[in-house]
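> Next come the chains, spelled out residue by residue.
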Amino acid sequence: MENLMSRYRNVTILVAILFVQVLGLAVQVKRRSGADESTRIIRMWTVSAVTPLEKAIVWCQNGLGGVWNNYIYLRGVRQENRDLKFEIEQLRLEQVRLSDDAQQARRLQALLGFKEQYIAKTVAAQVIGSSGSEQSRSVYIDKGTSAGVEKDMAVITADGLVGRVLRAFGSSAQVLLINDQSSGVGVILDKSRLQGVIKGTAAGEVILEKVMTDEQVGLGERIVTSGGDQIFPKGITVGTVMKVSPGADLFLNIRVRPSANLSRLEEVLVITKKEDRAPSVAETNSVRAVDILSQRLPSVPDKPAADANQPAGAEPPATAAKSPIAPPKPQVNAGVHNPVGSSAGQAVVKPATTPQKLAPAAKKASPQTAKAATSAPAPSEPRASETETSEDKPH
Amino acid sequence: MPITYTSQEQVEVYRFSAPAAILIPLVALFLQAFLPLQLHFFSLFDLPLLVVIFFAVARRSQVAGLLTGSLIGLLQDSLTHQPIGMYGIAKTVVGFGASSLGAKLDVENVGARFLVTLFFYAVHEVVYFTVARGLVKLSLQWSWGHEIGGALLNAATAALLFTLLDRFKQRA
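Heads up: the sequence lines are chains A and B, in that order.
So for the first sequence, the numbering used here puts the first residue at 1; every next one is plus one.
So for the second sequence, the numbering used here puts the first residue at 1; every next one is plus one.
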């Protein structure tokens with residue numbers, strides 16, 4: 001017997017080790033399907049061993065990249081600067097129109113007692129590592145519980161939704177991407193208002209499920225989060241419809257192109273706080289489109305006497321927060337664009353100034369300004385005047 | 001054919017210093033987690049698997065091979081969001097098999113290493129998919145093109161990587 005045991009000693013050890021691992025797997029699978037899954041010590045050890053090195057390399061990489069891009073490789077920067085300035089002007093005009101629409105929408109929502117979910121606080125984080133496996137589409141970020149990141153928080157970029165926090169460690173966190181097959185996001189189609197669920201596939205593609213075959217879904221239609229899953233705030237862009245084909249059963253097979261480039265993630269925002277609040281009429285402080293234009297366009301003359309102490313153009317849009325009538329602004333990290341849809345976007349982009357301050361500036365607006373104002377979309381001006389009058393009248 | 005059958009006496013057994021035995025798997029795990037962010041196609045590689053095969057073949061001890069495979073596999077599992085043990089089981093089997101083969105065959109030259117890695121990559125994928133589908137109920141899709149491409153890529157990498165790792169070998 002002893003001879004037999006010693007002869008098959010290696011195979012016995014192999015079977016024993018495999019048995020232990022299979023047993024461990026079975027326990028984990030059972031727990032996962034049941035109650036909340038706890039973080040295993042081995043995960044914490046491995047993440048603690050790997051992430052500091054990843055952080056250090058990413059830090060060095062950013063430092064070297066910064067030196068190269070900011071001090072050495074400046075070819076084409078002047079042209080790019082000119083192009084960007086032009087683009088800023090175009091976007092300012094667009095912003096005027098959108099802020100009018102937003103104000104009108106807020107007024108209507110206030111009338112209806114409509115409650116919206118706002119992104120109240122975000123934390124910017126750097127992507128430092130991945131799972132290294134094609135079967136697990138997740139990434140690691142350099143912010144963890146010490147920065148307020150917790151499990152099930154939504155993660156976004158300037159382009160759109162990225163995923164949710166799966167595990168939060170002390171100084172890092174694991175983010176499950178929306179193209180992983182175990183991920184699921186409640187979404188709504190922007191135009192048709194059809195609801196569905198976004199899921200990942202084994203090949204790393206993103207598909208939209210639970211849309212019936214008798215529904216009309218257009219190619220290129222934008223998909224945003226519905227907020228129904230209680231994880232992702234409503235209105236975050238997820239992607240666009242890429243391909244529609246009849247699927248099995250009664251549902252369409254819809255392939256989605258994610259808005260965020262999930263294979264090239266560098267910096268992300270973790271939504272650490274959401275707020276439910278109803279927009280009040282007080283928020284809709286009326287600002288005429290021409291006033292905003294006159295303040296923001298570079299050709300604006302100096303401010304009137306009341307503002308003479310301030311340098312021209314020194315008042316950034318963020319000063320709206322100082323206004324007593326301004327609603328509480330969400331705390332979004334500076335320098336990071338907020339990609340969310342209408343609701344959250346409204347929370348971030350507010351009219352910059354009060355009309356009292358702006359009126360004289362508008363009167364002094366140069367011909368260039370006037371030209372710019374007229375080049376704005378047609379509904380802008382009438383709506384602006386509507387805004388002013390509608391605030392005076394009780395709804 | 002570069003693979004030659006040798007007697008037990010002819011096969012050289014190697015050992016590794018403690019720093020090499022610890023750092024090489026850790027560096028492989030680190031690169032596996034970090035490089036796909038920079039080079040997306042890098043997720044096709046399985047550096048921890050190559051390290052398991054290298055250690056198992058060089059040590060030629062079945063117990064050492066399966067323990068190395070098990071440990072590296074479990075560490076790799078802990079970086080993913082899947083249950084821990086899927087890579088662990090697959091790499092335990094590979095570690096055991098590679099060390100058994102290393103004890104019987106001379107797999108020190110480039111051609112032999114290419115073929116051995118090709119074979120064990122396939123074994124690894126089959127075991128992994130079996131565990132993932134059979135035990136964890138994951139809906140993984142088997143793609144022949146993807147698997148063959150991955151096998152060839154990893155085998156070619158192994159031929160180069162093993163030459164580099166040979167520097168850390170010490171005669172037992």
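Hints in this document: simulated from the structure, not taken from any laboratory.
Among these hints, one or two may not hold up.
[As the list claims (entries may be wrong)] Some chain B residues well away from chain A (every beta-carbon gap over 12 Å; in silico):
| # | residue |
| --- | --- |
| 1 | E12 |
| 2 | S17 |
| 3 | A33 |
| 4 | F41 |
| 5 | L74 |
| 6 | G85 |
| 7 | E108 |
| 8 | L135 |
| 9 | I148 |
| 10 | A155 |
| 11 | T163 |
| 12 | K169 |
| 13 | R171 |
[Said to hold, decoys possible] Restricting the straight-line Cα-Cα distance to at most 30 Å, the calculated cross-link-like pairs of lysine-lysine (DSS-like) are:
| # | chain 1 | residue 1 | chain 2 | residue 2 |
| --- | --- | --- | --- | --- |
| 14 | A | K191 | A | K274 |
| 15 | A | K210 | A | K191 |
| 16 | A | K121 | A | K199 |
| 17 | B | K137 | A | K30 |
| 18 | B | K137 | A | K151 |
| 19 | A | K30 | A | K191 |
| 20 | B | K137 | A | K199 |
| 21 | A | K243 | B | K137 |
| 22 | B | K137 | A | K210 |
[Stated by the list, open to error] What follows is a list of derived Cβ distance ranges for each label pair:
| # | chain 1 | residue 1 | chain 2 | residue 2 | range |
| --- | --- | --- | --- | --- | --- |
| 23 | A | L53 | B | T130 | 50 to 58 Å |
| 24 | B | L44 | A | S182 | 19 to 27 Å |
| 25 | A | Q90 | B | L71 | 25 to 33 Å |
| 26 | B | A156 | A | Q90 | 25 to 33 Å |
| 27 | B | A156 | A | N81 | 23 to 31 Å |
| 28 | A | Q90 | B | R167 | 27 to 35 Å |
| 29 | B | T130 | A | N81 | 20 to 28 Å |
| 30 | B | T163 | A | F19 | 35 to 43 Å |
| 31 | A | S48 | B | H146 | 30 to 38 Å |
| 32 | A | N62 | B | L71 | 43 to 51 Å |
Beta carbons are placed, not taken as given, at the ideal position from N, Cα and C, and that holds for glycine.
> It remains to establish, for every hint, whether it holds in the given structure.
These are the hints, each one checked on the structure:
Under the 12 Å C-beta cut-off, the non-interface status given to E12/B relative to chain A holds; the minimum distance is some 20 Å. No Cβ of chain A comes within 12 Å of the Cβ of S17/B; the nearest lies about 19 Å off, and the non-interface call holds. The Cβ of A33/B sits about 4 Å from the closest Cβ of chain A, inside the 12 Å cut-off, so the non-interface label is violated. The beta carbon of F41/B sits about 10 Å from the closest Cβ of chain A, which is not more than 12 Å, so the claim that it is off the interface is violated.
Some Cβ of chain A comes within 12 Å of the Cβ of L74/B; the nearest lies about 6 Å off, and the non-interface call is violated. Non-interface call for G85/B relative to chain A: violated, since the shortest CB-CB distance, roughly 4 Å, does not exceed 12 Å. Against chain A, the non-interface label of E108/B holds: every CB pair exceeds 12 Å, the least being about 22 Å. With a closest Cβ-Cβ approach of about 5 Å to chain A, L135/B is found to fall inside the 12 Å limit, against its non-interface label.
Every CB of chain A lies more than 12 Å from the CB of I148/B, the least distance being 15 Å, so the non-interface label holds. Every beta carbon of chain A lies more than 12 Å from that of A155/B, the smallest distance being close to 18 Å; the non-interface claim holds. At roughly 23 Å, the least C-beta separation between T163/B and chain A is larger than 12 Å, which holds for a residue marked as non-interface. With a least CB separation of 22 Å from chain A, K169/B remains clear of the 12 Å interface cut-off, as annotated.
At roughly 23 Å from the closest C-beta of chain A, the C-beta of R171/B stays outside 12 Å, upholding its exclusion from the interface. Distance restraint check for K191/A and K274/A: the Cα-Cα separation of roughly 25 Å lies within the 30 Å cut-off, and the hinted pair is therefore satisfied. Straight-line distance between C-alpha atoms of K210/A and K191/A comes to about 17 Å, which keeps the hinted pair within the 30 Å bound. Restraint check for K121/A and K199/A: satisfied, since their Cα atoms lie roughly 26 Å apart, inside the 30 Å limit.
Only pairs whose Cα atoms come within 30 Å are accepted, and K137/B paired with K30/A is accepted, the gap being roughly 11 Å. For the given pair, K137/B sits about 24 Å from K151/A by alpha-carbon distance, which is consistent with the 30 Å threshold. For the suggested pair K30/A and K191/A, the alpha carbons sit about 41 Å apart, so the restraint of at most 30 Å is broken. A threshold of 30 Å between alpha carbons decides the hint, and for K137/B with K199/A the separation of about 17 Å falls inside it, so the pair holds.
A threshold of 30 Å between alpha carbons decides the hint, and for K243/A with K137/B the separation of about 28 Å falls inside it, so the pair holds. Of the pairs offered as hints, the one joining K137/B and K210/A holds, with about 22 Å between alpha carbons and a cut-off of 30 Å not exceeded. Evaluation of the 50 to 58 Å hint for L53/A and T130/B yields a failure: the beta carbon distance comes to about 33 Å. Between L44/B and S182/A the C-beta distance comes to about 21 Å, which sits within the given range of 19 to 27 Å.
At about 58 Å, the beta-carbon gap between Q90/A and L71/B misses the expected band of 25 to 33 Å. One distance hint, 25 to 33 Å for the beta-carbon pair A156/B and Q90/A, is violated here, with the actual separation near 50 Å. At roughly 46 Å, the beta-carbon separation of A156/B and N81/A lies outside the given 23 to 31 Å, and the hint is violated. For the hinted restraint 27 to 35 Å between Q90/A and R167/B, the CB-CB distance of approximately 59 Å leaves it violated.
Here the CB-CB span from T130/B to N81/A is close to 58 Å, at odds with the stated 20 to 28 Å. One distance hint, 35 to 43 Å for the beta-carbon pair T163/B and F19/A, holds here, with the actual separation near 37 Å. The hinted range of 30 to 38 Å is satisfied by S48/A and H146/B, whose Cβ atoms lie roughly 32 Å apart. Evaluation of the 43 to 51 Å hint for N62/A and L71/B yields a failure: the beta carbon distance comes to about 33 Å.
In the structure shown, a violation is registered for the earlier hints numbered 3, 4, 5, 6, 8, 19, 23, 25, 26, 27, 28, 29 and 32, in ascending order.
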